[in-house]
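Visitor: Chains as they are written, first to last, in numbering that gives the first Met the number 0: chain A, 0 to 386; chain B, 0 to 258.
There could be a bad hint or two in this list.
Under the rule of at most 25 Å between Cα atoms (straight-line distance), these lysine-lysine pairs were calculated in the DSS-like manner [what the hints assert, rightly or not]:
1) A/Lys277 x B/Lys87
2) B/Lys43 x A/Lys277
3) B/Lys88 x A/Lys277
Which chain A residues stay away from chain B? Per the calculated CB distances, all over 12 Å, these [claimed, not checked]:
4) Gln15
5) Phe40
6) Asp74
7) Leu258
8) Arg295
9) Ile298
Derived from the structure by calculation, the hints contain no laboratory data. Glycine is no exception: its CB is placed at the ideal position from the N, C-alpha and C atoms.
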Amino acid sequence: MSDIATMTDANLAFVQRAPIAPMRPPLTEAGAIGWLRKNLFSSLFNVVLTLLCALLVVWIVPPMVKFLIVDAVWDGATRIDCLPSPQRPEVGACWAFVIERLGFFTYGFYPFEERWRVDLFFALLAVGIVWLAWLNAPARGLAAINFFVVVPILSYILLLGWPAIGLPRVETTQWGGVLVTIVVAWVGIVVSLPLGILLALGRRSRLPAVRLFSVIFIEFVRGVPLITVLFMASVMLPLFVPDTWSPDKLLRALVGVALFASAYMAEVVRAGLQAMPKGQYEAAMAVGLSYWQMMRLIILPQALKITIPNIVNSYVALFKDTTLVFIVGIFDFLRAIEAARIDPQWATPVTSTTGYAFAAIFYFICCYAMSRYARYVEARLAAGDRR
Amino acid sequence: MEQATHSGLKPAPLNTAVAVEMIGVHKWYGDFHVLRDINLHVTKGERIVICGPSGSGKSTLIRCINRLEEHQQGRIVVDGVELTNDVKKIDEIRRDVGMVFQHFNLFPHLTVLENLTLAPIWVRKQPRKAAEEIAMHYLQRVKIPEQAAKFPGQLSGGQQQRVAIARALCMNPKIMLFDEPTSALDPEMVKEVLDTMVELAKDGMTMLVVTHEMGFARQVANRVVFMDEGQIVEMAAPEEFFASPKHERTKLFLSQILR
Ligand SMILES: Nc1ncnc2c1ncn2[C@@H]1O[C@H](COP(=O)(O)OP(=O)(O)OP(=O)(O)O)[C@@H](O)[C@H]1O
Ligand SMILES: [Mg+2]
């Protein structure tokens, strides 16, 4: 008892006499040394890890730099320039080959004098993407319409041609390279989001028939590899469509990729829908919005916003998956490299390595840009989360 | 209409003075009988306060009135329209019944003004200009016109709840439902929301309010309904309800809540 009494007197009553001035943090926490110690050498395990990583970097980076840059051949017109010679015993990447074949890698067999149409398509697409992806851009609603409606229609006319307005037709069999890779990825992206949203809504629908269809579609497509879907699309689609209408090979692959991506997108969107609080649905219903108004105005804008990082991640996956279309005979970017690297005209010991290195750099830049974007959106959302 | 049976075979005469009519309403969640034989008759302009212990079915009851919950037996007639599975009727009723939730449920991705004009524009098809004017009018009434351009997350709880009330009022409802509008608020904000509701009551709004604010009930209610275990246990004018509760459970509840 007396303990408690003394404690009360001594400790619990307190009045501050003088304010405490701010002090600098201890040295271990701040500055470069502090940072190093905290992040790299905080424990024995961390020290080992740090050293191992450093070794790995030393082991990989110098040879890579040597091959890709130091020993690389930048200019040259024929394979001779990329062959080892007395003056140049060690030959690195043969960029001369890539530069010479750049047109082929980009356009495939697209007629030379019509290539400006592809360039225009790339430009349209780039503007569309930047406008849509830039969160502070003006008129973002318009940007979405542009990206999902206007650009597809213009591109279709531009790439395939419309003789009536003086654009000669270019069959899809002549398309190739980056053009095809971008077209496949982009159609997958443009179709999979709306279709994925519909499937996600369908899966949560009150109507059993709609729900059943959505579940079967999603689970079936997710249950098989993309190659299977592609084979099915290229073999089975002609069975459903009349012969006269005979869908071309690229279209079949596009359908396959789009359906495949939609099934995955549906699950991504569903996760976002599930994260929405029930109160939002109730408030929307209570003010009298119809189901579609509620979804369009209240639920989807919020659900998609928090889902953007995941959506972009599935786009990254989709972009890489497009390389599989070459199995059903589509001449995509990787296939173009494949064709060029075995071309005897450029047969050198380093041609294949260079070609693959170029492909790796191309895919890496595209995918890395997309995941950086996802990070940026995530950071923005975290900062804007004041609710 | 008292003779109407549970199954509701006889249509009730559509009395224009009746705002809400619940006749023999039952509801189950699975096997759990949440609402048991609810009979409630609310005339226009009447203010009803519903109270009762947690889990007694108060929220469920008022959410049945705008079909956020579906009842399985009995009849509910709101402003002359009977609630059935007919989606048109449900929409019609929801347009005329405003609701305020415990957790405000404002739309966080829209500004305050957009929260207020959304339903008038999309549901009532009002021109944007007109809808914004009406919205500003109601923001003035709930005394926060200066917050119109902010997002809900930037407001205090009390301000958010007043926006929620204004949002409901913008649809020009005939009936307002409140589900514990002050119980998620810090004590110092309760008064501003209650004041807004008192103002509303003075204007003659038909109100059904689930609340434990007994001061509000005394001041505003025409009738207090006490619920327990899914049933209406007692229903009386506030003076009588607080001064001389009849039922044992009411007495127990009041002794716990009024201390
Ligand atoms: N969706 C649901 N599914 C199953 N049971 C539910 C559901 N919603 C509510 N209940 C149950 O129904 C009962 C009544 O719930 P209700 O929310 O109407 O109570 P309340 O009187 O509003 O309580 P509170 O004061 O806690 O809000 C509770 O026992 C609750 O657990
Ligand atoms: Mg409740």
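Visitor: If I take the minimum Cβ distance from A/Asp74 to any residue of chain B, is it greater than 12 Å?
Guide: holds, 54 Å
Visitor: For a C-alpha distance cap of 25 Å, please report whether B/Lys88 and A/Lys277 respect it.
Guide: Since the Cα atoms of B/Lys88 and A/Lys277 sit roughly 23 Å apart, the hinted pair holds (cutoff 25 Å).
Visitor: Hey, is A/Gln15 genuinely clear of chain B, shortest beta carbon separation above 12 Å?
Guide: holds, 26 Å
Visitor: Would the non-interface assignment of A/Phe40 survive a Cβ cutoff of 12 Å against chain B?
Guide: holds, 42 Å
Visitor: Under the criterion that the straight-line Cα-Cα distance not exceed 25 Å, is the pair A/Lys277, B/Lys87 satisfied?
Guide: Holds. A/Lys277 to B/Lys87 sits at ~23 Å (cutoff 25 Å).
Visitor: So is A/Arg295 really clear of chain B, every C-beta pair being over 12 Å apart?
Guide: violated, 9 Å
Visitor: Beyond 12 Å from every Cβ of chain B: is that where the Cβ of A/Ile298 lies?
Guide: Check fails; 10 Å does not lie beyond 12 Å.
Visitor: Do the alpha carbons of B/Lys43 and A/Lys277 lie within 25 Å of each other, as the hint requires?
Guide: Not OK: B/Lys43 and A/Lys277 at ~31 Å, beyond 25 Å, violated.
Visitor: Is the nearest CB of chain B more than 12 Å from the CB of A/Leu258?
Guide: holds, 31 Å
In summary, the structure is inconsistent with hints 2, 8, 9 from the numbered list given earlier, while agreeing with the others.
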